[in-house]
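J.: Work from the hints to combine the two standalone chains into their complex.
Chains as they are written, first to last, in the working numbering: chain A, 513 to 735; chain B, 17 to 223.
What the hints contain is simulated information worked out from the structure, not anything from laboratory work.
Some hints here could point you the wrong way.
What the hints assert, rightly or not - Computed beta-carbon distance windows for the label pairs:
1) A/F581 <-> B/R144: 51 to 61 Å
2) B/S68 <-> A/E575: 53 to 63 Å
3) A/G587 <-> B/S68: 50 to 60 Å
Quantities reported herein were computed from a predicted structural model and do not represent experimental measurements.
Glycine included, each C-beta is placed from N, C-alpha and C at the ideal position.
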Amino acid sequence: MLLSLKVSGVAIAGTLPIAFALAWLLARARFPGRFLLDGLVYLPLVLPPVVTGWLLLLAFGPEGPAGRFLDRTLGITLMFRWTGAALAAAIMALPLMVRAIRLSIEAVDRRLEGAARTLGASPWRAFLTVTLPLSLPGVLAGAVLGFARSIGEFGATITFVSNIPGETRTLPLAIYSALQIPGSEALVTRLALISVALSLGAVILSEALARRGQMNERMGHVL
Amino acid sequence: MSFEVDISRHLGDRIISAHFTADRGITALFGPSGVGKSSILNMIAGLLQPDSGRISVGGEVLFDALAGIDLPPERRRLGYVFQDGRLFPHKRVRANLLYGHDLAPPQERWMSPEEAADFLGIAHLLDRWPRSLSGGEAQRVAIGRALLSAPRFLLMDEPLSSLDLPRRDEIMTVIERIARELKLPILYVSHDRQEIDRLADTVITLS
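With the rest of the complex left out, here is chain B (with noise of 0.2 Å):
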């Protein structure tokens, strides 16, 4: 699994561009804040549309501006981690896990429900709503419903930027056992040196 990435944007009054390719592990995109990190995962995902450039993920094109593909956010088949969990407020922790658990293609599938809450440790959460939980919950829950989602790869956009150290902690231990254990490549943005030193196995550095 690589990913080849060439995109830019206009946004505003800058321009926002990206050129990289990264393989297995955890990559990092570090760069100070306001240099469009979130807009170029944004642009991955499908979120946002660049104004030209190419993106391919495992051989697969997602965009090409030449080539006029453009795939919707839906088929480019990856797991999105924001830095605010963004978690459905009207929907308990279970149907927030569901979600796309139940709209992923049965034979695509590589989780299921209960590995997912045993491997984050969220069992006892799943009857919760997303407003009684911590934010290290919530982000447990959010990284669930990512994988659930039957994703060839995860975005992460500064998971931890929003808990204290000791939960950073727990959830940094997470996303290294996602990426050991599950061999999920992750493409995961930060602005903190710490954290990428001890996650990331590739560093871009975005200026």
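Looking at chain A on its own, in the form it has when it is part of the complex (with noise of 0.2 Å):
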């Protein structure tokens, strides 16, 4: 299932840094419209999968605004293509990583950032050399947490790209569509374990990322 980790990984790498964005909007930043981006971001988490993948369809079909500027600019179409399952996986991904990313913000000592401005740093590298690092074990968390998300991943993609062969079908999908066959159980079963094992992984090393990080900020206040 090559095409899943690939598809996931994709997903992951290109939406980590909007991720971290949005965490911190959401965690330092007060704007207007703040509590309607964090809606939005929520949404995909309690929206039926099926209506992102009809959404991102109208958006990124070959009609929708989006969809129709990709392809005129840059060539590129992500319908019934494993990019396209790779933009649906972000999507899903993305409010669970924002909600690890940020509660590691908001755990960032905020005087600690005002110690390293005292001390000579301009906002912006003090941001670099202590809220970051000292974010990181949740950043990570939530990658990985948005990783295993993202692999399981159906209802928005079939909807979106369909399940095509070599292209698509990343293993939900494929469960899918081994159930369909009969005689497949043991296909089935060898998917499903996979899938088991790489969710649980995940979630073990989320715990233990976000667990290090609470370790490491308890006992920076033990001074």
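T.: Next comes the structure, spelled out in structure tokens:
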């Protein structure tokens, strides 16, 4: 299931900076429309995935505004391509990533940034040398969690890019397809086991990372 | 080097204001808990913006509401020692000490890391993590970190309050030596009369 790994890998790598920027905005910035942005980011978490897929279809299909733009300016089509599957996976993973990263940014003691400023650091340097490293465990946890979520992405993917072998048939779609064929229980079992292993591993890893972050934080306060 | 401070700010439903001038040596801002002593230091440091007023140090205006001057903290060239040390938990002692040193322009540095480590007796702690330090050790490192950032003056916000008695005495000696030997002006906030009696050259009482 290399395709699944490729789709999810690209999705997470592409989403991580965006997720971090959104998380930072939601954690630190105060601006009008913040609650709307908050809601929009979390929307894919609560919306039926099939609806998300349909919205992607509307936006990125050949007649959609974003789809037409990409096609005309860059010659890129996402429909029925693995890149489209990556987009669907990214959108579905975004809320989880933003949430984990936002919590870790909120946990960083802002007074440490103040200390950095009095020592001569510009806001940007204080961010790079204090905020970012201290929130890193949470960022990694968010990425791992997002990766796990995107591996399992089904509804939005099948709606948006269909189920094409070798192009958009990710792990869950392959399991679904195999289930339709009589006598393929062995294949289903194998795929399901892979799926369980990936998900379990990701959850354990992200928990471990989050815990490490908390520990650093707590021990920092003992001073 | 003289401080001229005349600032006020609303904080919640309180008004925090301070109006004083100070000269060399250790100037203590004395007053009961809750009069906003820390907020005043934060305003001088540039971490908190006053609603109105003016701050100048050694003739340089750091803040002037009317003239629209508000230097960011990193350009005020001060060293701030916090009540809780506030060392960077993800950096070893050495990296904490060098944080401000490396950011200061070389021609403005007046103390080398080796000198600071000797002066404060922390040379043996350089490879330790902040979380493994005792309160007194952490506060020495915090003072060293501030001194190495090439400040023209120091702000100290109850630097002894989290220490036991023998440690207090030890750190007070360090603070006296900073004022006498390094000739660095210090604004020192405390609510402890004994500390003030021992350390301060000038006392400003806030109420």
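J.: Holds or violated: the 50 to 60 Å window for the beta-carbon distance between A/G587 and B/S68?
T.: 59 Å, holds
J.: Falls inside 53 to 63 Å, the C-beta gap from B/S68 to A/E575?
T.: Since the Cβ atoms of B/S68 and A/E575 sit about 59 Å apart, the hinted range of 53 to 63 Å holds.
J.: If you check the beta carbons of A/F581 and B/R144, does the distance land in 51 to 61 Å?
T.: 56 Å, holds
Every hint, counting from the list given before, is met by this structure.
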